[in-house]
Structures are given as structure tokens and as C-alpha cells.
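A.B. asks: One-letter residues, chain by chain:
4 protein chains.
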Amino acid sequence: MSLKLGVIGTGAIGQDHIRRCSQTLLGSQVVAVTDINLASAAKVGSDLKLSAEVYPDGHALIKAADVEAVLVTSWGPSHEEFVLAAIAAGKPVFCEKPLAVTAAGCRRIVEAEIAHGKRLVQVGFMRPYDAGYQALKAVIDSGQIGEPLMLHCAHRNPRVGENYKTDMAITDTLIHELDVLRWLLADDYVSVQVVFPRKTSKALAHLRDPQIVLLETARGTRIDVEVFVNCQYGYDIQCEVVGESGIARLPEPSQVQLRSEAKLSNAILMDWKDRFIAAYDVELQAFIDGVRAGQVGGPSAWDGFAAAVAADACIEAQGSGQIVKIELPERPGFYA
Amino acid sequence: MSLKLGVIGTGAIGQDHIRRCSQTLLGSQVVAVTDINLASAAKVGSDLKLSAEVYPDGHALIKAADVEAVLVTSWGPSHEEFVLAAIAAGKPVFCEKPLAVTAAGCRRIVEAEIAHGKRLVQVGFMRPYDAGYQALKAVIDSGQIGEPLMLHCAHRNPRVGENYKTDMAITDTLIHELDVLRWLLADDYVSVQVVFPRKTSKALAHLRDPQIVLLETARGTRIDVEVFVNCQYGYDIQCEVVGESGIARLPEPSQVQLRSEAKLSNAILMDWKDRFIAAYDVELQAFIDGVRAGQVGGPSAWDGFAAAVAADACIEAQGSGQIVKIELPERPGFYA
Amino acid sequence: MSLKLGVIGTGAIGQDHIRRCSQTLLGSQVVAVTDINLASAAKVGSDLKLSAEVYPDGHALIKAADVEAVLVTSWGPSHEEFVLAAIAAGKPVFCEKPLAVTAAGCRRIVEAEIAHGKRLVQVGFMRPYDAGYQALKAVIDSGQIGEPLMLHCAHRNPRVGENYKTDMAITDTLIHELDVLRWLLADDYVSVQVVFPRKTSKALAHLRDPQIVLLETARGTRIDVEVFVNCQYGYDIQCEVVGESGIARLPEPSQVQLRSEAKLSNAILMDWKDRFIAAYDVELQAFIDGVRAGQVGGPSAWDGFAAAVAADACIEAQGSGQIVKIELPERPGFYA
Amino acid sequence: MSLKLGVIGTGAIGQDHIRRCSQTLLGSQVVAVTDINLASAAKVGSDLKLSAEVYPDGHALIKAADVEAVLVTSWGPSHEEFVLAAIAAGKPVFCEKPLAVTAAGCRRIVEAEIAHGKRLVQVGFMRPYDAGYQALKAVIDSGQIGEPLMLHCAHRNPRVGENYKTDMAITDTLIHELDVLRWLLADDYVSVQVVFPRKTSKALAHLRDPQIVLLETARGTRIDVEVFVNCQYGYDIQCEVVGESGIARLPEPSQVQLRSEAKLSNAILMDWKDRFIAAYDVELQAFIDGVRAGQVGGPSAWDGFAAAVAADACIEAQGSGQIVKIELPERPGFYA
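Chains as they are written, first to last, in the working numbering: chain A, 1 to 336; chain B, 1 to 336; chain C, 1 to 336; chain D, 1 to 336.
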């Protein structure tokens with residue numbers, strides 16, 4: 001029997017996930033939707049030809065008898081409330097990032113989940129599901145480059161809009177590295193420093209761009225992440241792991257090699273959506289399969305909390321220019 | 001409602017396709033199986049937890065009321081008979097290559113399908129469904145390298161077993177290029193010549209390896225395909241299209257780049273199954289979606305016939321050392 | 001003491017070599033020049049600030065007491081006469097390609113040199129002095145890819161002028177491969193076939209372009225060379241050696257890698273002069289060093305003859321469309 | 001007439017330069033040698049078949065009437081003394097790095113040279129003469145990647161000996177980056193910070209390895225240089241320049257591409273001597289040509305001083321873990 005899903009929030013990402021569940025993934029059906037704008041929820045239901053009930057709000061949806069699992073794709077500040085409600089109802093919940101808009105909120109979710117006694121929450125960090133990162137992790141874990149000592153990373157966007165502020169380099173951009181690098185290294189961050197190079201003339205007046213974030217892990221691995229969101233040339237994600245005896249690099253997306261106009265070239269993607277599109281499918285299929293198998297896996301509430309704690313420290317480091325400690329409580333055995 | 005499939009032949013490839021339909025693809029269920037070894041068919045059904053009826057033979061399966069479409073994955077010489085039976089029953093049929101073991105057999109299928117009046121047959125050539133070939137075709141079709149003038153291709157396997165004979169370089173190996181290059185160029189072959197380089201010492205005594213197949217198309221494009229099935233180093237598929245103003249090359253599979261032991265390297269696959277694994281999913285999903293939408297697409301019976309005609313000429317060219325004409329009848333409007 | 005050189009022919013290539021000897025290479029000085037246009041020879045001498053005597057013709061220059069070695073950079077049809085005269089005078093001679101405009105002319109030089117009893121002639125084939133080809137040969141000779149079975153090569157120019165005729169694809173373009181591939185493989189050609197793909201629309205009416213030249217060697221190695229002199233995109237020399245256990249590829253010229261405008265790219269050269277410029281220095285330095293050490297080496301008169309014999313067969317194959325034998329007499333022990 | 005050189009110091013690097021001048025470069029001859037070990041100097045003279053006078057010490061050699069220019073390749077601590085003596089004698093001097101072992105010593109040379117009124121000193125930093133760095137600088141200067149904002153660099157050696165101490169990562173290793181990056185950017189350093197990742201288990205007990213050096217320039221460009229001298233896999237120099245609209249990367253040394261043993265690979269050099277060998281020739285030829293043309297160029301005494309000031313700050317930063325200012329006096333107009 002396919003898993004009956006309720007979706008809270010039918011904006012862009014909500015619609016994407018509904019489409020995935022209906023048209024691409026195996027083993028689920030969307031039976032319930034809601035949105036702060038109910039007319040929009042109803043329209044999405046009919047546009048996508050769902051036979052889904054429209055509920056007046058997230059809480060009603062979560063309580064609905066036929067909803068077996070919940071996708072939270074609403075406005076960020078509402079995530080905590082709905083995730084806590086899903087846990088209270090004992091229903092598995094996939095929550096788009098951020099898990100909560102504060103570390104304290106994430107912590108409350110962690111505690112609720114522990115009190116419940118079983119994992120229910122998967123956070124929507126998709127990079128660990130990307131085939132490239134998985135291949136990179138496999139190389140690290142195989143031991144063929146020895147222990148990782150340094151990571152050189154970059155997260156570049158061609159350009160950003162007016163709404164993008166300097167701290168969003170952390171909360172919207174770096175957040176993906178904060179999650180995936182912890183997973184890649186199976187290690188925690190202990191400090192962060194942010195330095196600001198000369199500002200690019202292509203950035204709007206209010207934005208400091210680029211930035212370099214320097215992280216240190218508990219095992220002493222040093223990570224530098226260049227965040228450059230007006231780099232013009234492409235959406236480009238780089239990750240190079242320097243180990244004791246060799247270096248492994250995240251694969252570039254596979255492209256046709258061209259010899260043309262005095263250049264030997266491969267295309268670089270311009271749109272971030274194209275870069276991890278397959279990973280979104282894999283992550284949500286993993287949630288569906290996990291719930292059906294009675295074992296929610298993937299990025300946990302603890303991972304969401306750890307990312308939030310690190311992000312808070314990064315923002316402090318942006319402001320102070322100092323080396324800021326990242327103090328994560330001891331990991332509960334529950335998440336071991 | 002999901003499409004009800006009957007599968008004729010539950011050997012390795014049959015089991016793969018059944019697993020695909022049950023566990024990976026959307027919109028189908030296997031309701032009927034058969035095999036020359038009925039016990040095997042029954043075992044596959046129970047191993048894969050299908051609720052599928054075991055039929056005494058392919059004809060009974062094809063006639064079964066609840067079988068809406070048929071997968072033919074039996075022994076090659078039986079393909080023609082079952083495909084013709086499916087057409088006679090008016091049921092869509094996906095047939096693993098070869099469509100028939102002779103060009104005449106393929107022709108009979110073509111004629112039966114035309115007589116039926118609507119496409120029912122999709123041949124199991126998976127390369128047109130590979131993301132790399134699709135990207136390469138998109139580059140050609142975009143006009144950015146101008147008209148294609150030459151193709152330089154290679155099909156290399158690390159090694160082959162004792163059963164592999166010189167003509168299988170055509171029927172088992174080159175056959176994929178014979179299909180995909182016609183599709184890539186939207187053109188037909190008009191002649192072929194085969195030359196034999198110095199034989200590799202790694203090949204068994206009875207086998208001439210490598211071989212170079214030189215094809216010419218109706219529009220005058222020249223194709224060279226190196227077939228080298230004991231190349232030792234990897235399973236490697238190369239395709240370079242030289243156009244009037246530029247050159248496009250089939251992407252290499254995406255791999256982690258390593259700096260290690262005095263080498264900057266990317267892994268090369270050793271097993272052909274890893275190379276086109278995603279394409280098998282896409283091809284079969286396309287069949288399922290096509291049938292459900294009432295429009296069978298993909299490699300047609302005519303494409304199967306054209307590949308068979310070309311393969312016959314290649315085998316003649318292997319033997320004679322001469323330039324052999326490839327004479328394909330005019331393409332029926334039905335397949336335009 | 002530096003080697004005293006006389007230069008016959010002060011056109012473009014003559015001036016280049018004079019400049020090399022005067023300003024870049026070690027151990028030589030140009031003491032004598034001549035040209036069919038004596039005023040030009042005098043002007044070159046004064047422009048390049050040589051203290052060189054202008055001789056009325058090549059024969060006078062060759063006989064001059066202080067001329068220790070001769071560079072022949074005059075019009076092709078005059079090469080044979082001057083090389084023979086240098087041999088008669090017992091003076092080492094570096095002759096730009098072609099050694100003679102006919103195979104018979106090359107043969108006369110071979111015989112004269114054998115009669116003289118010691119090597120005096122170096123032919124101006126520069127590719128064996130290219131660092132890339134040398135690295136490729138080192139890989140082959142190391143045995144790490146096993147015995148060479150096939151070579152896939154390309155010789156591409158962005159475009160050619162009106163004077164370039166179809167047979168010049170052999171005598172001006174392929175001639176470099178005819179020389180360097182014999183050297184690379186230490187093998188001789190035994191047959192050739194030329195096929196003409198669909199003609200590019202970028203070529204002038206009188207020119208058949210591209211062409212594919214298929215060569216077979218005495219040891220059975222098969223070579224395909226794509227000659228495409230209006231490829232638009234660059235001057236591009238490719239050479240891939242397929243061995244029994246691996247494949248080695250001629251290095252691409254080293255370039256800055258760029259990420260820019262949605263492309264990851266490396267520049268491709270547009271001008272052939274940039275591609276082998278260092279090799280010209282190395283080849284001429286080798287001649288100077290060889291003469292001073294009493295041992296002329298590098299491409300020999302026999303190599304010049306072998307290239308001429310192969311080129312004649314290629315031109316015949318262009319015309320006939322047939323497989324043409326390349327019959328080289330047995331190599332004299334003198335050139336072993 | 002060729003330039004008459006005197007060489008002070010006939011150890012390994014001295015012999016290399018003597019061999020260069022005698023056998024590879026144009027326009028110079030070594031007429032005088034000396035060494036702290038006179039017997040060694042004499043032996044080098046006879047081994048290399050120089051007709052060179054052996055002088056009792058550097059000062060005698062500098063004063064010798066027929067010595068027109070001086071190469072200082074003696075023990076580091078003696079450099080300053082000999083360079084000052086050469087300036088006092090008004091003779092051009094090429095001094096291997098370091099120009100002096102203290103910044104104060106370099107400053108004294110700068111002042112002596114200014115007092116002399118004309119450039120006499122070229123410091124032996126060879127990287128600006130490397131074809132790859134020159135190509136990279138040409139890309140930057142062309143404006144095609146916009147203003148440089150960040151540099152990501154690495155300097156990796158397979159391993160180092162017991163004598164190599166933590167501060168030598170600055171004075172012997174990073175010193176090359178300190179020179180070449182100033183030249184590349186035409187900018188000066190203003191601060192430095194050093195962070196120590198987890199130590200590699202391959203380093204000896206007394207050595208902290210790897211290190212990351214974070215530099216800031218006057219224009220705000222941020223540079224990170226990974227120094228890793230026990231990386232095992234190769235001698236590897238990386239330099240990536242992130243500009244406002246694109247990224248340019250130092251070319252990898254050109255190598256044969258291999259497909260072999262399940263890998264697509266290019267060799268990485270293991271020995272640093274192979275990496276910049278051509279640059280040593282070019283740098284010394286530039287000195288010879290410069291002196292003969294009456295214009296000493298290349299890395300100046302000021303550049304040597306600037307590198308020394310930066311290196312001192314780096315060593316302080318290694319010890320303190322703090323951000324250390326790099327305070328270079330205003331550049332004298334003499335060196336503009």
C-alpha cells in the first residue's frame with residue numbers, strides 16, 4: 001500500500017514535492033494539503049489532479065486519520081510548530097530546511113523526538129543524497145586518501161536578488177555546506193571565522209560578497225568555504241578533500257565536451273535547480289521508503305540542530321571578525 | 001491504474017526488468033510470467049513477491065485477459081514469434097534486442113505492425129535513453145557544431161569469455177552503435193567496411209580482436225567504430241562527433257577526481273552494467289508511460305530492422321574485407 | 001668554436017632559422033647566405049645584423065671554405081640539387097621538408113649519402129622533437145600500454161587559403177604524420193586508403209575537405225588520420241595510441257583553465273606556428289650539436305624518402321578510392 | 001661578446017647555474033669561480049671544462065678585472081655581504097634566494113642599490129619566469145576575469161627530510177608564493193594569519209604539517225595558501241585566481257593522458273626540480289640578456305626585501321596564532 005502523505009504549504013517547493021510524489025517517486029500518494037492561502041492549496045490539488053482533501057490548517061491536516069506522514073514545506077517560521085505537532089501525533093515528518101528558525105527551536109524538536117522514543121523527523125538537506133557527494137564520501141571512507149586534514153570548498157551563484165542580505169550567505173547558502181560537510185567527515189565543528197575579501201563590484205550596495213568561512217572540526221580538520229553569490233559565470237559547487245596521502249574532489253556535473261571557437265570547453269550550470277535535481281528525488285524517496293519500512297533515516301533533527309548552532313556562530317563571526325567557538329552539546333545516544 | 005505486464009522469459013534480463021517494474025518504475029505491475037523453464041518462472045515470481053500468474057507459455061500469457069502489455073526477454077530466436085503474437089493480439093510489446101535473429105524476421109514484424117495500423121513495438125535499445133547521448137544529440141541538433149561530418153567511436157570491454165566469437169563483435173557489441181548512431185544522426189547507413197588491426201595477444205585464439213568498422217551514411221557522414229573487447233583497462237564507450245565548425249564528445253561518466261600516488265586520475269568503469277544502468281530504467285519507464293498514454297515510442301520495429309540489415313552487412317564485410325553496401329528499403333511513411 | 005653555417009634561401013622559413021641560430025640556439029653562426037633574390041639575401045643579412053657573406057648561388061655557398069654546414073630553406077624543387085651538392089662537398093646539410101619533390105629524388109640523395117659513407121643529411125621534420133610526442137613515445141617504449149594496435153589521429157587547421165589543393169592535404173599536412181608516426185611506432189607503412197566524408201560547406205569549391213587516411217603498418221598496426229583543414233575552431237593535433245592493455249594520448253598544449261560565462265574551458269591554439277615553435281628550436285639545436293659532435297642524427301634522408309614514398313601512395317589512393325600498397329625497398333643497413 | 005661571469009659558491013645550485021651558462025644559455029661564459037671549499041671550486045671548473053680562474057674568495061672574484069657580472073650561489077648567510085660588495089664594485093649581481101637572511105639585510109642592499117643609482121641586483125625567484133604563471137598573469141591583466149578577489153593556492157611536496165623545521169614552511173617553501181603572488185597581483189601584503197590543521201601522521205614528530213597561510217593584500221584580495229610538505233602523492237603547485245566575473249587556474253604540467261588499469265590518468269611530478277626547470281633557464285637568460293642590454297630586470301632587491309618582510313610576519317603568525325600586520329615601507333620611486 002502506498003504511503004498517504006499530507007503536505008503543509010503549497011508554495012513552490014511544496015508543489016515540487018507534490019509533483020515528485022505523484023509523478024516520479026514510488027510508493028506514496030498525497031491525500032491531504034493545506035496552505036496559509038487555502039485557495040492556493042485547492043488550486044494546486046486540482047492542477048496536479050490530486051484526490052486530496054484540503055484542510056483548514058496544518059494542525060487539522062496532521063490530525064487527519066488517513067494522513068500517515070507529513071511534509072512541512074510552509075514558511076520557515078512555522079516549521080517548528082508543525083514538526084512538534086507531527087511528533088505529538090506520532091507521525092513521521094519530512095521538514096524542509098530550516099528545521100526551525102532558531103537553534104533553541106531545533107533543540108525543542110530534538111527533545112520532543114527523544115521523548116517520543118523513536119525517530120520521526122527527516123530534515124530536507126538533500127546534498128547527502130547527491131551521487132557526487134556519495135562517491136566522495138565513499139572514497140574518504142575507503143581510506144585511500146588517508147585521514148582528511150583539510151577541505152577546500154566553494155559555493156558560487158551567478159547572482160542574487162535585492163532581498164539577499166549578508167547573513168543569508170550563512171542561512172541560505174552556507175547552510176548546505178554546514179550540513180553536508182559534517183556528514184562527509186562524520187565530525188563536528190568547534191570554531192568558525194569569517195573573512196571578507198575585497199567586495200566584488202557586481203554585488204549590490206548592501207551586500208558583502210564574497211565571504212570566506214573558515215571552520216575547524218573536533219578532530220582538527222580545517223575547512224575553508226568560499227561563498228560568492230555574484231560570481232557571474234555559473235552555479236558552481238566545489239569540494240576538495242585533502243587527506244594524508246591523497247586528494248579527492250567532488251565530481252563536476254557530466255557534460256558534453258566541446259571543441260569550438262578556439263576553446264575546449266564543458267558547460268557550467270547557471271541554475272542551482274539543475275545541480276541537485278536528482279538528489280531531491282532520492283531524498284524524498286528515502287523518506288517514503290524509510291517510513292514504509294518503519295525506520296526514518298537521513299538528516300535528523302539533531303543534524304538540523306547542529307546546523308543551526310553552527311549557523312548562529314557563523315553569523316556572529318561575520319559581525320565580530322573574531323574566531324567564534326561552536327559549542328554543540330554532547331550528542332544524545334538516541335542519535336548515535 | 002497501473003499497467004498490467006506479462007513477462008516472457010525470466011532469465012537474468014527478465015528478472016532485472018521485473019525488478020525494475022516492481023521496485024523502481026512508476027505505473028506498472030507484473031501480473032503474468034512465463035519461461036521455457038516453468039519452475040524458474042514460478043520461483044522468480046515468489047522470490048520477487050509478485051502476485052503474478054505463471055502461464056504455460058508465451059502464447060497463453062499474451063492471450064491472458066488481464067495482460068495489457070508484454071515484455072519479451074526470452075531466448076533471442078523466440079523473439080519474433082512472441083512479438084508477432086503480441087501484435088496479433090493488439091497488445092503493446094517491449095522486446096529485448098534482437099527484435100528477431102534475421103533481418104527477414106524483423107521485416108515480418110514491421111509488416112505485421114503496419115498491417116495492425118498503429119505502433120505496438122518498442123525494441124530494447126537503451127542507449128538513446130542515456131543522458132550522455134541525449135546531451136550529445138541536443139548539441140548536434142542545436143546546430144552549434146554545424147552539420148556532422150565524421151564520427152569517431154569506440155566500444156571497449158575489458159575482456160570477453162570463450163563463447164564470444166568474431167561475429168559477436170557485430171551482433172552483441174557493435175549492435176548498440178548501429179542503433180544509437182542512426183538515432184544520433186537521424187541518418188541511414190549505406191556502406192560498411194571492416195579492417196582488422198594486428199590482433200591483441202590478450203584475445204583467445206579463435207577471436208579476431210580488435211576490429212575497426214567503417215560506416216558511411218546516406219548524407220555522407222563517415223563513422224569509424226573501434227571494437228576492442230579485450231582492452232583490459234575498462235569498459236569504455238567513446239563517441240566524438242566532428243561537425244563543420246566544432247566537435248562534441250560523449251560525456252565520460254562522472255567520477256571523483258583523485259590526486260594520489262603520482263597520478264591525477266578518474267576511475268574508469270570495469271563493468272558494462274554500471275555504464276547504462278540508469279538508461280535501462282528510463283527506457284522501460286518510457287515504454288510504460290507510452291503505453292499508458294496510448295503512444296508507443298522509442299526504438300521502433302523499423303529501427304530493429306535497420307540495425308539487423310546493417311549488422312548483416314557488417315558480418316559480410318568482416319568476411320570479405322570489401323566495402324559492402326547496406327541496402328535498406330525505403331522507410332514506410334508509418335515510421336516517419 | 002661555433003659552427004659556421006651557410007643558409008640557402010632567405011624566405012620566411014630561412015629567416016626564422018637564421019634568427020634561431022643567431023638569437024636562440026647555442027653554438028652556431030651564420031657566415032653565408034644566398035637566395036634566388038640576392039637583394040633579399042643581402043637585406044636579411046643586414047636586418048638581422050649578421051656578418052655573413054652573400055653568395056651568388058647555393059653552389060658557390062656550399063663550396064665556400066668557411067661554410068662548415070648548410071641549411072637548405074629554398075624553394076622545394078631546388079632542395080635535391082643543393083642537398084646533393086652538399087653531400088658531394090662532404091658538408092652536413094639540414095634540409096627543410098620536402099627532402100626532394102619526388103621519391104626518386106629522395107632516393108638519389110639516399111644513394112649519394114650511402115656512397116659518401118657517413119650521415120650528412122638531417123631532414124626538417126620537427127615533430128619528433130616536440131616534447132609531447134617524445135613523452136608519448138616514452139610511454140609506448142616503456143611497455144606500459146603493451147604493443148600498439150591502433151592509432152587514432154587528427155590534423156586540423158581552422159582554414160586554408162585558395163592555393164591549397166586536395167593533394168596538399170597529403171604533401172603539406174599529412175606529411176607530418178607520415179613522418180612522426182613512423183618514428184613513434186618504429187614501423188613502416190604497407191598500405192593506404194583514403195575516404196572522403198561529406199564535404200564541409202566551409203571549404204572552397206575546388207577542395208575536398210575533410211579526408212580520412214587509413215594506413216596499415218608492417219606489424220599490422222592500423223592508423224586513421226582525420227585531415228580537416230577548414231575545421232574553424234582551432235589548430236588541433238590529436239594522436240591516440242591504443243595498445244594491448246591501455247591507451248596513451250598526445251598531451252594537449254598546457255593552458256590556463258578558465259571558469260567564465262557558463263563554461264569551464266581551456267584555450268585551443270588557432271595558429272600552427274604556436275603549436276610546435278619549441279620543437280623547431282630543439283630540432284635545429286640537435287643538428288648543430290650533432291654536426292659539432294661529428295654525428296648527424298634526427299630524421300634521415302631515408303626517413304625523407306620513406307615519407308615521400310608513402311605520400312605518393314596516399315595521393316594515388318585519393319584518386320582511386322582503392323587500397324594502395326606502399327612499397328618501400330628494404331632499409332639499407334646504413335640507416336639501421 | 002659574451003658576458004663574463006664570476007660564480008661565488010660551487011655547491012649544487014652553483015653547479016647547475018654554471019652548467020646552464022656553459023651549455024644551455026646564450027651569451028655568457030663563466031670566467032671565475034670560488035667557494036668556501038677552494039678544492040671544490042677547482043674541481044667544478046675542471047669537471048665542467050671551464051677555462052675559469054679560481055679566486056681565493058668572493059671579494060677577490062668580485063674585484064677581478066674580467067668579471068663583468070656575479071652569480072651569488074653561496075651559503076645563505078653570506079649573500080648580503082657579496083651582493084653589497086658587487087654593488088660597491090658597480091657590477092650586476094644575480095643572487096639566489098634569500099637575498100639576505102634578514103629583512104634588515106635586504107634593506108641594506110636596497111639602500112646600497114639606490115645609492116648606486118641604477119639597478120644591479122636580480123634575485124633568484126624563478127616562478128615569474130614560468131610559462132604557466134606568465135599565462136595566468138596574462139589572463140588576469142587582460143581583464144577577462146575582472147578584478148582578482150581571492151586566490152586559492154597550494155604548495156605540496158611528497159615529503160621532507162629531518163632537517164626541515166616548521167618555520168622552513170615559510171622560508172623555504174612559502175617564500176616562492178610570497179614572491180610570485182605579489183608579482184601576479186601587482187599588490188602588497190598587509191596581514192597574515194597561520195592556522196594549523198590536524199597534523200598528518202606522515203610528518204616527523206618535530207614538524208607541524210600541513211599549515212594554511214591566510215594573506216590579505218593592500219587592495220583587499222584574500223589569499224589562502226595550503227603548505228603541505230608530506231602530502232605523499234606528488235610535488236603539486238596550485239594557484240586559482242577568483243575574479244569578479246571568472247576564475248583562472250594555473251596550468252597543470254602537460255602530460256600524456258593514459259587509460260589504463262581502470263583509470264583515466266595524467267602523471268603528477270614527484271620531484272620539484274622537474275616542475276620549474278625551464279623557468280630556471282629563462283630567469284638566468286633574462287639576467288644575462290638584461291646585463292648585456294644594460295638593464296637589469298626581474299625580481300628586484302625591493303622584491304627580495306618585501307618577501308623577507310612578509311616571511312618574518314608569517315613566522316610570527318605561526319607562533320602567535322594571531323593576525324599579524326605586514327608593514328612594508330613605501331616603495332621607493334627607484335623601484336616603480
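Calculated from the structure, these hints are not laboratory results.
Some clues are possibly wrong.
When chains are identical, the list treats them as one kind, so a pair holds in a single copy or across two.
Taking lysine-lysine and the DSBU-like style, the derived pairs with C-alpha atoms no more than 35 Å apart in a straight line are [as the list claims (entries may be wrong)]:
| no. | residue 1 | residue 2 |
| --- | --- | --- |
| 1 | K49 | K137 |
| 2 | K118 | K263 |
| 3 | K263 | K91 |
| 4 | K43 | K165 |
| 5 | K202 | K325 |
| 6 | K63 | K49 |
| 7 | K4 | K91 |
| 8 | K63 | K118 |
This one's a predicted model, so the numbers in the text were calculated from it and none came from an experiment.
A.B. asks: At most 35 Å between CA atoms: does that hold for K202 and K325 within a copy, between copies, both, or neither?
C.D. replies: both (32 Å within a copy, 29 Å between copies)
A.B. asks: Could you figure out if K63 and K49 sit no more than 35 Å apart (CA to CA) within one copy, between two copies, both or neither?
C.D. replies: The answer is both: 23 Å in one copy and 33 Å across copies each meet 35 Å.
A.B. asks: Give the relationship of K4 and K91 under a CA distance limit of 35 Å: within one copy only, between copies only, both, or neither.
C.D. replies: Result: close both inside a copy and across copies, 11 Å intra and 33 Å inter.
A.B. asks: How would you classify K118 and K263 at a CA-CA limit of 35 Å: within, between, both, or neither?
C.D. replies: neither (56 Å within a copy, 44 Å between copies)
A.B. asks: Since the copies are identical, ignore which copy is meant and state whether K263 and K91 lie within 35 Å (CA to CA) inside a copy, between copies, both or neither.
C.D. replies: For K263 and K91, the Cα distance exceeds 35 Å both inside one copy (55 Å) and across copies (46 Å).
A.B. asks: With identical chains treated as interchangeable, where does the CA-CA distance between K49 and K137 reach 35 Å or less: within a copy, between copies, both, or neither?
C.D. replies: Answer is between: at 33 Å across copies they meet the 35 Å cutoff, but 39 Å inside does not.
A.B. asks: Please work out whether the CA atoms of K63 and K118 approach to 35 Å or closer within one copy, between two copies, in both situations, or in neither?
C.D. replies: within (19 Å within a copy, 50 Å between copies)
A.B. asks: Reference check for the pair K43 and K165, CA-CA at most 35 Å: within, between, both, or neither?
C.D. replies: within (32 Å within a copy, 61 Å between copies)
Of the hints listed earlier, those the structure fails to meet are numbers 2 and 3, in rising order.
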